[in-house]
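Trainee: Chain residues, written in single-letter form:
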Amino acid sequence: MFSSRSLLSCVAIAALLLSTGCAIKAPQYNASLDNIEQLKKAPASVKVGNFTVQSGTSGSIGLRGNQMDSPVGSDYAAYLADALQKELKLAGKLDPNSKLEISGQLLKNDIAAAGILTNSGEIEARFVVKNDGVQRYDQVKRADLSWDSSLLGYIAIPKAQQQYPLIVQRLLALLWGDANFQEALK
Amino acid sequence: MSTGLILRRFFGTLIALLLAVIASGCAHPISLMGNTDALIGAGKVKLDHAVGLAISEEDRKREVITPGGGGDKVSYLPYRDLETGIYIALSESFTKVVRVSGQQDPKVKSEGLRFVITPQINTTSYSPSIVTWPPTIFTIELVCKVTDGEGRLVTELRAMGEGRAEFDEFKSDFSLSAKRAADEALGKLLRSVTDNASKLR
Chain U
1 MFSSRSLLSC
11 VAIAALLLST
21 GCAIKAPQYN
31 ASLDNIEQLK
41 KAPASVKVGN
51 FTVQSGTSGS
61 IGLRGNQMDS
71 PVGSDYAAYL
81 ADALQKELKL
91 AGKLDPNSKL
101 EISGQLLKND
111 IAAAGILTNS
121 GEIEARFVVK
131 NDGVQRYDQV
141 KRADLSWDSS
151 LLGYIAIPKA
161 QQQYPLIVQR
171 LLALLWGDAN
181 FQEALK
Chain E
1 MSTGLILRRF
11 FGTLIALLLA
21 VIASGCAHPI
31 SLMGNTDALI
41 GAGKVKLDHA
51 VGLAISEEDR
61 KREVITPGGG
71 GDKVSYLPYR
81 DLETGIYIAL
91 SESFTKVVRV
101 SGQQDPKVKS
111 EGLRFVITPQ
121 INTTSYSPSI
131 VTWPPTIFTI
141 ELVCKVTDGE
151 GRLVTELRAM
161 GEGRAEFDEF
171 KSDFSLSAKR
181 AADEALGKLL
191 RSVTDNASKL
201 R
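Protein sequence lines, in the order shown, are assigned to chains U and E.
According to the numbering used here, the first sequence is numbered sequentially starting from 1.
According to the numbering used here, the second sequence is numbered sequentially starting from 1.
One chain only, chain U, in its complex shape (with noise of 0.2 Å):
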């Protein structure tokens, strides 16, 4: 006869089996080229300043019992500024002399991968331009993404994490192709 531990080993196991159990990093952040040749048009070329995590957001991902954390910096404000440097420079138009600078805090930044399946994550970050220190811009721009996913966590939790980068280009690209966006980098 089993007692009530052996059963909650044989839990155990097969929640093992089923997950992949290992702590792991958001993929590091791919330039989206439709997002660099939009932003090729931007009036100005700027510098990227303080991003910051909003008080009560978690610093990082659950992805169905992993914590996803950011592969740059300490949190995921850290990886939006790296996002937002690497494609203003493929652009040419990153300059850390200029007087205009963009600045920012993440809002929402979240993944639900419990589905079986399908998944979905979103971002929503506020964003602030000041030239010379004279604000600009101010507004909150928000990207979702929906993906098929899986029962299988070592099938949905991978996925899961190749999505994070998708849903920061989203991010990025309501914020190029903002026309009061471009408009305050004139």
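Keep in mind that the hints were calculated from the coordinates and are not lab data.
Built from N, CA and C at the ideal position, the CB exists for glycine as well.
Treat the hints with care, since some could be wrong.
[As the list claims (entries may be wrong)] On the chain U side, residues computed to face chain E include the following (Cβ under 10 Å):
1) Lys25
2) Ala31
3) Leu33
4) Ile36
5) Gln38
6) Lys89
7) Val128
[Unchecked claim] Some chain E residues well away from chain U (every beta-carbon gap over 10 Å; in silico):
8) Pro29
9) Lys44
10) Lys46
11) Asp59
12) Val64
13) Ser101
14) Gly112
15) Gln120
16) Leu153
17) Lys188
18) Asp195
19) Arg201
Given chain U, put chain E in place with the hints provided.
Mentor: Okay, now just chain E, sitting in the frame of chain U:
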């Protein structure tokens, strides 16, 4: 219901589930997006031409499945994952790079593109492991056909990258060998442009 019966049903379900997993042959998704930062500023020659990078929407969505370890497979989208890296490598070598859908894209004429560069990506993956699925060896072959504005072949840029990763390294990044292969292949693509510079002037 007795505890023994519960456990028999539990193990029966567990075994059925594991068999279903094994039989289904699910492919583990991995990424080929390497560290493209290393390419920036790495170009040795700058050819004064505007060129087109031709990757079709169909190729961007193309999923490739190759072997991993333990009888499992890995899946990835090579054109989607490598497009940015190829674009950066070409931007390091030519004064302007424009994305086009193919040789017939109106931008070839309207933007005065000197060449159209069409990549073909071939991949292989392998792992000798019987218990872990991430590939320990991954190869990427880039074959970029360079054609002139009329579609005539000018040259081919070839680059081969091989990435290796062992368990201690890839346990926190299952795509590591693929990313290393991508980094090497893209670095060699830059060198291939330099080697073919005389044909591309």
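Trainee: Which of the stated hints cannot be reconciled with the structure, identified by number in ascending sequence?
Mentor: 5, 7, 8
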